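All chains, full assembly: derive it from the sequences and hints.
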Amino acid sequence: MTRRGERVAAALADQIELPPDKSRVLRRAVRLEWLSLAFLVTAVLAMYVALGSSQAMKAAWIEDLLSFLPPIAFLITNRIRAKEPTGDHPFGFHRSVSVGYLVSASALLTMGTYLVVESALGLVAAEHTPIGLVTAFGSTFWAGWLMIAALAYTLVPPVLLGRAKLGPARDLHDKVLYADAAMNKADWQTAAAGIVGVLGIGLGLWWLDGVAAILIGASVSHDGWTNLRTALSDLMDSRASVFDDRTTIHPAVAGVRDAVRADPGVDAVQVRIREEGHVFHAEVFVVPATAAPLGDADLERIRDTVRAVDWKLHHVVVAPVRELPVGNLPVP
Amino acid sequence: MVTVDMPTKPLSTVPRIVAVAVAVLLSLAGCNGIPVDPDGTLERASGGVLRVGMSPQEPWTASEGGERSGVEVGLIEEFAAGVDAEVEWHDGGEESLIGDLHRGELDVVVGGLTEKSPWVDQAALTRPYVVVDGPAGSPEPHVMATRMGENALLVALERFLAERSTEIAQQVGGEAP
Numbered sequence: 001m002t003r004r005g006e007r008v009a010a011a012l013a014d015q016i017e018l019p020p021d022k023s024r025v026l027r028r029a030v031r032l033e034w035l036s037l038a039f040l041v042t043a044v045l046a047m048y049v050a051l052g053s054s055q056a057m058k059a060a061w062i063e064d065l066l067s068f069l070p071p072i073a074f075l076i077t078n079r080i081r082a083k084e085p086t087g088d089h090p091f092g093f094h095r096s097v098s099v100g101y102l103v104s105a106s107a108l109l110t111m112g113t114y115l116v117v118e119s120a121l122g123l124v125a126a127e128h129t130p131i132g133l134v135t136a137f138g139s140t141f142w143a144g145w146l147m148i149a150a151l152a153y154t155l156v157p158p159v160l161l162g163r164a165k166l167g168p169a170r171d172l173h174d175k176v177l178y179a180d181a182a183m184n185k186a187d188w189q190t191a192a193a194g195i196v197g198v199l200g201i202g203l204g205l206w207w208l209d210g211v212a213a214i215l216i217g218a219s220v221s222h223d224g225w226t227n228l229r230t231a232l233s234d235l236m237d238s239r240a241s242v243f244d245d246r247t248t249i250h251p252a253v254a255g256v257r258d259a260v261r262a263d264p265g266v267d268a269v270q271v272r273i274r275e276e277g278h279v280f281h282a283e284v285f286v287v288p289a290t291a292a293p294l295g296d297a298d299l300e301r302i303r304d305t306v307r308a309v310d311w312k313l314h315h316v317v318v319a320p321v322r323e324l325p326v327g328n329l330p331v332p
Numbered sequence: 001m002v003t004v005d006m007p008t009k010p011l012s013t014v015p016r017i018v019a020v021a022v023a024v025l026l027s028l029a030g031c032n033g034i035p036v037d038p039d040g041t042l043e044r045a046s047g048g049v050l051r052v053g054m055s056p057q058e059p060w061t062a063s064e065g066g067e068r069s070g071v072e073v074g075l076i077e078e079f080a081a082g083v084d085a086e087v088e089w090h091d092g093g094e095e096s097l098i099g100d101l102h103r104g105e106l107d108v109v110v111g112g113l114t115e116k117s118p119w120v121d122q123a124a125l126t127r128p129y130v131v132v133d134g135p136a137g138s139p140e141p142h143v144m145a146t147r148m149g150e151n152a153l154l155v156a157l158e159r160f161l162a163e164r165s166t167e168i169a170q171q172v173g174g175e176a177p
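So the sequence lines, in the order shown, correspond to chains B and V. The first sequence maps to residues 1 to 332 in the numbering used here. The second sequence maps to residues 1 to 177 in the numbering used here.
Derived from the structure by calculation, the hints contain no laboratory data. Don't take each hint at face value.
[Said to hold, decoys possible] To give an idea of the interface, some chain V residues facing chain B are shown, with a C-beta separation under 8 Å as derived from the structure: (1) I34; (2) P35; (3) V36; (4) D37; (5) P38; (6) A124; (7) T126; (8) R127; (9) M148; (10) G149; (11) N151; (12) L154; (13) V155; (14) E158; (15) A162.
Computed from a predicted structure; not experimentally measured. No residue lacks a Cβ here, since even glycine has one placed at the ideal position from N, Cα and C.
Below you can see the structure in the form of structure tokens.
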């Protein structure tokens, strides 16, 4: 499965014209996501077996189910995004990455909200969770220990997977991968909250279960909300930003502006860059320096200048104009 | 391997709090009997009074002229004696007894309850201790109900019932689960 995934990634990387070092990173990302899916299957099974009536434990299980979404979104968009443009989709399919990101961010927010609401309701109703005995591995003991063991198993791998995904997410400008890393963070945090909750029940602190779940739910909701805003903002064609912060303008924006402005044939320039998944779509309006119109060679030179700024500058439109378009934001 | 700085978010203190909480709770767990009753029911009943609700359902529970009999009456008396408790019996219909149990006015409810009982939201059912064929011929796992979340009591009762399981199965012509 992994070998096949690697071959697919390599083929796609060629089509989308990722630089060689980036396609190596992409192969690694695909491997990580398959690994995540494999782990999740075992985690969900282990938790299902041990699943008791603990609120935090149940939340952690549902959270693990939701965790399937980001890796699946990544692997699906990875197959779609580099397809050739068609008559129906003249801009190609790069945007599928943004859609995948929207799905992943929504999963994160749903998860966090569910955790907070469900646990708050339990706390208000003062639900005291019953956990009795269980017989497993040939002996009979308090079921809380089995639950803690299952939760502990689901605690460590997400920490490692989540950390390993952040590097490729930045290198590839892949926000699906970034949201998935946030999901992994949510995974191990809910598992930890589940352990706290079950131990709390064991010690007779019935409310600790709910409180732990609410704390983690708030943290997950915050991540989900931040990512959802970025996903919506990307789909609304906001100017390109860095992969992990909507408010920080991507350096390519200023880079393109300065590079084109430095061209001897150009008097004034306005740049609009939007994100289409991994890649950027740039429109560059240039006012020629002299009254003489810019020739084909000049325009090609300017296009290549723009492309040289960042590998992500995939679609570049250079338009010579008499004066900069009004009604758009001025050059920052 | 690409090294990355984890993005620090304002809420990154939460995992730290959780980690500390786990450590503290684990150390507490090491020096304590687990699980503990939030309301200390088992501790209160030991050497004191165990409040048991009973709805009549033969052969499990029955009452005639102040004389109680039945498999579950016997079991409860024996369990109570084991923790040095006096049984304080309360008679009533199942629904009202479960209500009292949920409000904390009773500790245990018996009356031929089965695992399929609709009271799971309001009472903590024990694990089945015996399986007998019901009136419809399908096997019915029998349980008792304890107060929600009083896990020390629940676990103690479950342990006791598991020990008696084979004996009871012979007595009522059922099977140990």
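Against the structure, the hints come out as follows:
no. : hint : verdict
1   : I34  : 4 Å, holds
2   : P35  : 4 Å, holds
3   : V36  : 3 Å, holds
4   : D37  : 6 Å, holds
5   : P38  : 5 Å, holds
6   : A124 : 3 Å, holds
7   : T126 : 7 Å, holds
8   : R127 : 6 Å, holds
9   : M148 : 5 Å, holds
10  : G149 : 2 Å, holds
11  : N151 : 6 Å, holds
12  : L154 : 5 Å, holds
13  : V155 : 6 Å, holds
14  : E158 : 5 Å, holds
15  : A162 : 7 Å, holds
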